[in-house]
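Undergrad: Add 584 to the 1-based position in the sequence shown for the numbering used here, that's all there is to it.
Since the hints were derived computationally from the structure, they do not count as laboratory data. No incorrect hints appear here.
Below are the SDA-like pairs computed for lysine to any residue, each with C-alpha atoms no more than 25 Å apart in a straight line:
hint	residue 1	residue 2
1	Lys-728	Gly-661
2	Lys-622	Leu-649
3	Lys-622	Thr-720
Have a look at the derived ranges for each label pair, beta carbon to beta carbon:
hint	residue 1	residue 2	range
4	Ser-660	Ser-612	24 to 30 Å
5	Leu-631	Thr-719	31 to 37 Å
6	Ser-660	Ala-640	20 to 26 Å
7	Leu-631	Arg-712	41 to 47 Å
8	Ala-643	Glu-727	37 to 43 Å
9	Gln-669	Val-647	29 to 35 Å
10	Ala-697	Trp-721	28 to 34 Å
11	Thr-722	Ser-642	42 to 48 Å
12	Thr-711	Leu-629	35 to 41 Å
It should be emphasised that the depicted structure is a prediction, and the values quoted were computed from it without experimental measurement. Every residue gets a Cβ at the ideal spot worked out from N, C-alpha and C, and that includes glycine.
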Amino acid sequence: MDDPVPAERPEPGRGLAIADASYDWYRSHAIRSRRWYKVSEVGMLALSASIPVIAAISATSTVPLAIIGAVLVVGSGLRSVFHWQDNYLRYSTAREAIDAERRLYHIGAEPYADAATREETLVRAVTRIEQGELTTWTRVAAEKPRT
585 MDDPVPAERP
595 EPGRGLAIAD
605 ASYDWYRSHA
615 IRSRRWYKVS
625 EVGMLALSAS
635 IPVIAAISAT
645 STVPLAIIGA
655 VLVVGSGLRS
665 VFHWQDNYLR
675 YSTAREAIDA
685 ERRLYHIGAE
695 PYADAATREE
705 TLVRAVTRIE
715 QGELTTWTRV
725 AAEKPRT
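Build out the structure end to end from the sequences listed, making use of the hints.
TA: The structure is reproduced here in structure tokens:
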């Protein structure tokens with residue numbers, strides 16, 4: 585019995601290049617946001633934990649405690665302004681959604697089975713994902729900072 589001839593898949597086109605660029609953007613920004621989120625959380629935790637230690641060591645001087653308190657207030661404000669955790673989660677969700685579309689595209693599964701429409705279909709899917717992420721970002725950005 586002869587092996588069936590595999591169906592030829594068209595060469596990747598401009599749609600895949602657009603999807604790849606979007607995926608790369610979301611990936612790099614998710615990594616950056618996750619890093620800033622973790623650094624800020626660990627920093628705030630370490631500074632908060634240092635307050636009782638400094639108070640015990642230097643019971644007469646309130647200056648170090650005041651400085652740490654000010655840094656904590658600024659750090660808390662930065663978290664509210666930049667939304668690092670929210671960004672990380674949004675960017676990761678968008679990245680994974682784009683990757684799912686790219687996988688379907690690569691194997692020629694629906695809705696990418698038709699060579700005549702697959703590029704446009706992929707660009708539309710990526711655009712829909714990007715617009716959804718932007719809508720969520722707009723909602724987050726419009727929220728008043730948590731205090």
